[in-house]
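S.K.: Each chain is listed here by its residues.
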Amino acid sequence: MIKAILGAVAIALASAAAFIYSGLYPMGADDQHNKITYWVLETMRENSIARSAKDIDVPELSDPSLLLMGGADYNDMCSGCHLKPGLSENDMTIGLYPSPPNLASRLDEHGHEHRLTNEDAARRNFWIIKHGIKASGMPAWGPTHSDDRIWGMVAFLERLPELTSGQYQILTARSAESGNGHH
Amino acid sequence: MNTKKILMTTALATLFVSTLSIAHDPSLHTSNKEKPNCQAMHEMDPSMMDMNDPVTQAIMKQCGKADMKEQQEDEKTACTAEHAKLGHCTLEESTNKDEGQKSKDSEHDHD
Numbered sequence: 001m002i003k004a005i006l007g008a009v010a011i012a013l014a015s016a017a018a019f020i021y022s023g024l025y026p027m028g029a030d031d032q033h034n035k036i037t038y039w040v041l042e043t044m045r046e047n048s049i050a051r052s053a054k055d056i057d058v059p060e061l062s063d064p065s066l067l068l069m070g071g072a073d074y075n076d077m078c079s080g081c082h083l084k085p086g087l088s089e090n091d092m093t094i095g096l097y098p099s100p101p102n103l104a105s106r107l108d109e110h111g112h113e114h115r116l117t118n119e120d121a122a123r124r125n126f127w128i129i130k131h132g133i134k135a136s137g138m139p140a141w142g143p144t145h146s147d148d149r150i151w152g153m154v155a156f157l158e159r160l161p162e163l164t165s166g167q168y169q170i171l172t173a174r175s176a177e178s179g180n181g182h183h
Numbered sequence: 001m002n003t004k005k006i007l008m009t010t011a012l013a014t015l016f017v018s019t020l021s022i023a024h025d026p027s028l029h030t031s032n033k034e035k036p037n038c039q040a041m042h043e044m045d046p047s048m049m050d051m052n053d054p055v056t057q058a059i060m061k062q063c064g065k066a067d068m069k070e071q072q073e074d075e076k077t078a079c080t081a082e083h084a085k086l087g088h089c090t091l092e093e094s095t096n097k098d099e100g101q102k103s104k105d106s107e108h109d110h111d
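Chains as they are written, first to last, in the working numbering: chain A, 1 to 183; chain B, 1 to 111.
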């Protein structure tokens, strides 16, 4: 009996190794995951982020200057992948896999559920922006940006889906900023 | 062997330069200045705007600043003593400067 189990384990390990070395796994971004792989990755991602983000203290996000800082940063660093009002797709949203969700839209096209409170959504967004998401196009911005800058973008993201393109343009324009290169 | 090294160096240099285009420091973005297009806001009915809403406040802030800048530029060329007496402008900008200083400090106290 034990011998049979050991034999089965050995065969399983050997075939896993054979599969890894065979080159049979499709690696192209234009070849989507099957349902099982997708479910495993998504569940792992969401549970991991929820666990890591749960103790983050959310600051006051209603300061208009926070919105302006976050808006300009979003426009410069994120809109290329996550779009802005008036755009529904571009090379990045089409070509990247997993695809960057349209953060300017309320429509939940990227398929996972958002039954989060505002606070939890803010924590989740902060964590994702700061740490990025492995093996996806989403970079970690924490190494190069202060937490304040990241909270600014979190504040902006909260309001982004309801902005018109006119409002978006005003909020993200940098020329009205008083500071000039003091960093 | 040497080609490999050269390729590696080139690749790293390219990678480094390409990161500059997604630079994170706001001062590096000033070259890509865009003016807020406040015309749309000026045409809005003020009674329709919720002044307690941070988005409205932020828009007012952006457009107020932009207006002030334009005004200041006008002043530089057209501030006569007569205008100053009427309170349309000041010969030495002082009040506006203070205001700008204040918002600068509160916005950027993170470093």
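Honestly, the hints are just simulated from the structure, not real lab data. Check each hint, because a few of them may be wrong.
What the hints assert, rightly or not - Derived, one-sided and incomplete: chain A residues facing chain B with beta-carbon distance under 8 Å:
#, residue
1, Ser48
2, Val58
3, Asp63
4, Pro64
5, Leu103
6, Ser105
7, Arg159
8, Gly166
9, Gln167
Note that CB positions come from ideal geometry on N, CA and C, so glycine has one too.
S.K.: Please verify that hint: Asp63 of chain A, Cβ, nearest Cβ of chain B, below 8 Å or not.
M.R.: holds, 7 Å
S.K.: Tell me if the interface restraint on Gly166 of chain A is satisfied: Cβ within less than 8 Å of some Cβ in chain B.
M.R.: holds, 4 Å
S.K.: Classify the hint on Val58 of chain A as holds or violated, based on whether any CB of chain B lies nearer than 8 Å to its CB.
M.R.: With a minimum Cβ separation of about 15 Å from chain B (threshold 8 Å), the hint on Val58 of chain A is violated.
S.K.: Holds or violated: is there a CB of chain B closer than 8 Å to the CB of Leu103 of chain A?
M.R.: violated, 16 Å
S.K.: Hold the hint about Arg159 of chain A up to the distance rule: shortest CB distance to chain B must be less than 8 Å.
M.R.: holds, 5 Å
S.K.: Can we keep the Ser48 of chain A interface hint, with Cβ of chain B closer than 8 Å?
M.R.: violated, 25 Å
S.K.: Hey, does the Ser105 of chain A contact hint survive, CB to chain B under 8 Å?
M.R.: With Cβ-Cβ at 17 Å, over 8 Å, it is violated.
S.K.: Any CB of chain B closer than 8 Å to the CB of Gln167 of chain A?
M.R.: holds, 6 Å
S.K.: Against chain B, is Pro64 of chain A within 8 Å by beta-carbon distance?
M.R.: holds, 4 Å
Of the numbered hints listed earlier, those contradicted by the structure are 1, 2, 5 and 6.
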